[in-house]
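Number of protein chains: 2
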Amino acid sequence: MKTSALSVLGRRTGPPPISWLMQTALSRPKLISLAAGFTDSPTLPIDISRGVLNRILRSPKTGRPALQYGITTGETNLRRLTARHLQKLDAAGVTSQSHSWKQVMITGGSQQLLYMALEALCDEGDLVLVEDPTYFVFLSILQSRGIRARGVRLERDGPDLAHLETVLQRLKKSGELPRLKAFYLISYFQNPTGVTTRFEKKRGILKLLKQFERAAGHPIYLMEDAAYRELRFNGPDIPSALMVPGGAGRVIYTGTYSKPYAPGTRVGFGLLPEPLFTSVQRIKGNHDFGTANLLQQLLAGVLETGLYDRHVAKIERRYGRKARVMKQALTKHFPPNVEIWESGGGLYFWARLPRNISTGVKSKVFQAALKNNVLYVPGELCYADDPARRKPDHEMRISFGSASEENIREGIKRLGAVLRKFLL
Amino acid sequence: MKTSALSVLGRRTGPPPISWLMQTALSRPKLISLAAGFTDSPTLPIDISRGVLNRILRSPKTGRPALQYGITTGETNLRRLTARHLQKLDAAGVTSQSHSWKQVMITGGSQQLLYMALEALCDEGDLVLVEDPTYFVFLSILQSRGIRARGVRLERDGPDLAHLETVLQRLKKSGELPRLKAFYLISYFQNPTGVTTRFEKKRGILKLLKQFERAAGHPIYLMEDAAYRELRFNGPDIPSALMVPGGAGRVIYTGTYSKPYAPGTRVGFGLLPEPLFTSVQRIKGNHDFGTANLLQQLLAGVLETGLYDRHVAKIERRYGRKARVMKQALTKHFPPNVEIWESGGGLYFWARLPRNISTGVKSKVFQAALKNNVLYVPGELCYADDPARRKPDHEMRISFGSASEENIREGIKRLGAVLRKFLL
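Chains as they are written, first to last, in numbering that gives the first Met the number 0: chain A, 0 to 423; chain B, 0 to 423.
If you are wondering where the hints come from, they were derived from the structure by calculation, not from laboratory data.
Treat the hints with care, as some may be off.
If chains are identical, the list can't say which one is meant, so a pair holds when it fits in one copy or spans any two.
Said to hold, decoys possible - Below, a list of computed lysine to aspartate or glutamate pairs in the EDC-like style, where the Cα atoms sit at most 16 Å apart:
no.: 1; residue 1: Lys29; residue 2: Glu409
no.: 2; residue 1: Lys363; residue 2: Asp392
no.: 3; residue 1: Lys1; residue 2: Glu273
no.: 4; residue 1: Lys60; residue 2: Asp46
no.: 5; residue 1: Lys1; residue 2: Glu212
no.: 6; residue 1: Lys326; residue 2: Glu338
no.: 7; residue 1: Lys60; residue 2: Asp39
no.: 8; residue 1: Lys361; residue 2: Asp392
no.: 9; residue 1: Lys206; residue 2: Asp159
no.: 10; residue 1: Lys313; residue 2: Asp39
no.: 11; residue 1: Lys331; residue 2: Glu404
Sequences and hints are given; from them, build the entire structure.
So, in structure tokens, the structure goes:
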């Protein structure tokens, strides 16, 4: 008799690649973690949240609905506020068809939306294109669900369109195009590289995907993950792919209030075209029939009072300062043959070592860093299993999100010392 | 070209059977809904919640962690409190191996745990046993994921063990036993019938499942859904299946703070044996990497201050009163040839009409009730698609959860008038 009755999915779902890193960080108090994607703790909006929650819970009229069941797709008020918020970010005008509140769904972080969208779209063996590199938890979902990923080369201003076309041509030639369902793009201050995709490239991606739809036999969606969009401290905001003319029917836009407001509230959202919206709505009915109402009311409260915008402005300054501190430390301590991709937002810088120097968990660099009490995310964890190329393993994601300025300086100093030993 | 790129799951997932009922209720303000499984609004703990949230968010020391990311399996404190809570309910003693906090996972309602447990256990085509009738959202998950259900006859004190054995024998004979993964049992004040399963029957179920494991070739789990356990106003509490000697390794226990405390906080939990715990933990990492910390801290706060127990005592009295009001109204207004299953807890009574009278959505009874502005849940929605029997459609679930006492009286009066027309 087998000792386990697990399903294929149950057996296949691996441990999160980063869990070991997290545990290591927790078990070594002297360690400075530049690995975690946590947000800055001192600026978390405890006063704002207390105020708004007090207001909601002070009267039965607002308090009771907040503690009662709600609607699977989310509270109408928060969906409207979210649509308006996106219209504003995109300078889209309130009548924009592609920004209708009726296509907005409120979820448990944008993570839940990514999961459900993949459930709605992909069967085992289907294909999804991802940036090379990309968000490792997204790769975990793909792995768990038996969905195959193909990497599209990433340039400093977004995916390499010529390479995207090559990949699509290759899939067409091999007859695999009918399995291709979507391109997953983290369009703002990407995790892990910090890259922001130019609007022209979003247009180009949608155009290319459309060209190959006939051969695919069905729509190919652009999943635009905008989780870091509002953590922007440098440069202008860029319209989302919803603004590409004719693109709305093919764009799944996911965003979150977790990162700009508070991860502990875990409220995210997505804008989905039909028939995806309906399918994901039904799936959410089975997952949890709706995200916690109390949190939705909290977010609606901070949005409609303008407290949200003020808070976002505050943390943008904060992350801007931390990013500058990291940049200065990198200039001072890192060897000159490490290429740094700095970002105008988000939580991460990306460091590229010479190709012959490995940064993986078992590498000398990683082990020496650990010994020196500093932690980063090895770049290799962010690459999909793609038979078309070897996984690069000479990069690192370094985060300025949760570490204090002092720890950023000290962490980069420690990491620099390690790198100098191997690179100079 | 197909207009949709949806997956098999995406296409298969149906609308929730009850969504139409909900919409009907919302769109007709004069309608009295005895259909919804909502909880009693006036007793929702708005003051308690405000107090505890204020305390948490007053100081950075407790406020910041509540607004930051947490751990995928849930906050250690809440997991410990939950284990202790279950030990107390089960009178198990704090050293009970089957009640270890390390097997406790905190989830977005117990619904999310049910979903993930099925993901971890069942492939498409696998089999799950359910009570006949059972919780319709559980049936929706099965349908969505292509899992087949087989019904086990329900008696007033739990599943019919002789019938369970027959079903197992039949599966063994047809060679389908290797596809059987679990028996889903709503053991306390069952949805929809209000039935509570005797402890001896839990023991009997586990024994029978064990007997057939060798032929199945793997463990067969008992999923004990205890969502309504703490809404008890009559009779003693009954130990959970975790208390069956030797049963712990086969019991998935799911519970929730949503119903006894507040649905708007959507915090549930489960106790899972290995290797299920690890598998579900990884799956949750992909779903949302952890339920909102703020809500977990809120629940931990109300649990450790004793406010939770006091609140539960209060709503038990409240539901007890509502149930008595419903019972009186039923006695007064329902024809004598309707069999009423009353319950010592939960939110529901179950009414069984003569077999030749249909109660389904398209039936004369349902349409007349609707015309009379009263809504119930047709019993047929609660039966699995099981080729072994015709779906009974002569029953109704009537809820005293959210309606006021006045509306319970008036709703039952209206429903009684309809029934008298068809039954007398």
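Here is how each hint holds up against the structure:
1. Proximity of Lys29 and Glu409 under a CA criterion of 16 Å is satisfied intra-copy only: 12 Å inside one chain copy versus 67 Å between copies.
2. For the identical chains of this complex, Lys363 and Asp392 are intra-copy neighbours only, at 12 Å inside a copy versus 69 Å across copies, given an alpha-carbon limit of 16 Å.
3. With identical chains, the CA atoms of Lys1 and Glu273 are at most 16 Å apart between copies only, with a shortest distance of 13 Å across copies and 43 Å within one.
4. Within a single copy, Lys60 and Asp46 get their C-alpha atoms only as close as 23 Å, which misses the 16 Å cut-off; across copies the closest is 13 Å, which meets it.
5. Taking the shortest alpha-carbon separations for Lys1 and Glu212, only the inter-copy value of 10 Å comes in at or below 16 Å, while the best intra-copy value is 44 Å.
6. For a Cα distance limit of 16 Å, the shortest separation of Lys326 from Glu338 inside one copy, 12 Å, qualifies, whereas the shortest one across copies, 75 Å, does not.
7. For the identical chains of this complex, Lys60 and Asp39 are inter-copy neighbours only, at 14 Å across copies versus 34 Å inside a copy, given an alpha-carbon limit of 16 Å.
8. Only within a single protomer do Lys361 and Asp392 lie at most 16 Å apart by alpha-carbon distance; the minimum there is 11 Å, versus 62 Å between protomers.
9. For a Cα distance limit of 16 Å, the shortest separation of Lys206 from Asp159 inside one copy, 14 Å, qualifies, whereas the shortest one across copies, 60 Å, does not.
10. Proximity of Lys313 to Asp39 under the C-alpha cut-off of 16 Å is restricted to the intra-copy arrangement: shortest distance 12 Å within a copy versus 41 Å between copies.
11. For the identical chains of this complex, Lys331 and Glu404 are intra-copy neighbours only, at 15 Å inside a copy versus 73 Å across copies, given an alpha-carbon limit of 16 Å.
Against the hints set out earlier in the document, no violation occurs for any number.
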